[in-house]
Amino acid sequence: PFPGNILHPLLRHFELKKIGKGIERGRKEGRKEGEEGAMEGREEIKGSKPSFPLTFWEVAVASTMVFGIVLGLVGVYLTMPASDYSFLKLPRNLEDLQILRDNLESYTSDYTVQVLVGYCAVYIFMQTFMLPGTVFMSLLAGALFGVFKGVALVVFTATAGASSCYFLSKLIGRPLVFSLWPDKLSFFQAQVAQRRERLLNYMLFLRLTPTLPNTFINVASPIVDVPYHIFFMATLIGLIPAAYITVRAGIALSELQSLGDLYDFNSIATLFLIGVVSVTPTLMSKTKQ
1 PFPGNILHPL LRHFELKKIG KGIERGRKEG RKEGEEGAME GREEIKGSKP
51 SFPLTFWEVA VASTMVFGIV LGLVGVYLTM PASDYSFLKL PRNLEDLQIL
101 RDNLESYTSD YTVQVLVGYC AVYIFMQTFM LPGTVFMSLL AGALFGVFKG
151 VALVVFTATA GASSCYFLSK LIGRPLVFSL WPDKLSFFQA QVAQRRERLL
201 NYMLFLRLTP TLPNTFINVA SPIVDVPYHI FFMATLIGLI PAAYITVRAG
251 IALSELQSLG DLYDFNSIAT LFLIGVVSVT PTLMSKTKQ
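If you count the sequence shown from 1, position 16 lands on 16 in the working numbering, and the numbers rise without skipping.
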């Protein structure tokens, strides 16, 4: 009854209208799904908490050291006799060190525990915050306590201070390391990644030899994911030879003319030899691969 040329435009109009409604419905549904997804994302962000960089045991070790130092210093303050302690300052040269040694010798015999606690607190503090002069403290240990006790004291305090520095760097040290030592950090990170299976041997090598400064190792190790137990063992064992050389020199402190007298050719060669022996298993494993 209707001519085809009239019916066709009408059908076309209804088809387009139907398509338009479908597109609009799809837009509304898509917008609704997008809003729901955004709300879920915001809820996840609100619910998620940033992970704390230190593990429970690392926090426990760090807290124990801090409380131990604070309590020890309070005990020293309360038990030491009233006197003139103006000589107590961080030694910056051999002359300062000799003055400090001369004054502390009289206290070491009568107030041994207090001197030990004060020594440990100062050494750990210097190591934690990378203050220069720990070599003078190592010499002082030899002058006051002898070789055996001096080495044990230096290794203990150096390891504790390095551990504190490790924890502190893990918390806030990343920007500092990237800004101060970008090239060394890249080298260290590559070496650690290559030696994961024998990482303890490599860390021992670094502690025994002057390949990288100890201060840098303390700060950079957590940044390049050196596990704390490996860092601890390498520090505890690797510092013994150098500590022995320095503490032994402290016994004859008055004979030292400069810090250059500490490490002669034989001492340095011995340290390198021990370092090469420690890293040999790593080199052999790489050769086999």
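Worth flagging that the hints you see were computed from the coordinates, not collected in a lab.
Be careful, since some hints might not be right.
Stated by the list, open to error - Simulated DEER-style distance windows between Cβ atoms:
1. Phe87 / Phe52: 34 to 44 Å
2. Ser86 / Phe178: 33 to 43 Å
3. Leu88 / Thr215: 21 to 31 Å
4. Phe87 / Val113: 16 to 26 Å
5. Ser186 / Thr79: 22 to 32 Å
6. Val224 / Tyr85: 23 to 33 Å
7. Phe129 / Phe87: 21 to 31 Å
8. Asp96 / Phe56: 19 to 29 Å
A virtual CB, placed ideally from N, CA and C, is assigned to each residue, including glycine.
Here is what the structure says about each hint:
Between Phe87 and Phe52 the CB atoms are about 42 Å apart, so this pair conforms to the stated range of 34 to 44 Å. At roughly 41 Å, the beta-carbon separation of Ser86 and Phe178 lies within the given 33 to 43 Å, and the hint holds. For the pair Leu88 and Thr215, the beta carbons lie near 24 Å from each other, so the given range of 21 to 31 Å is met. Evaluation of the 16 to 26 Å hint for Phe87 and Val113 yields a pass: the beta carbon distance comes to about 20 Å.
Restraint check, Ser186 to Thr79: a C-beta distance of roughly 50 Å breaks the suggested window 22 to 32 Å. For the pair Val224 and Tyr85, the beta carbons lie near 42 Å from each other, so the given range of 23 to 33 Å is not met. For Phe129 paired with Phe87, a C-beta distance near 23 Å keeps the hint of 21 to 31 Å intact. Taking the beta carbon of each, Asp96 and Phe56 are about 41 Å apart, not inside 19 to 29 Å as hinted.
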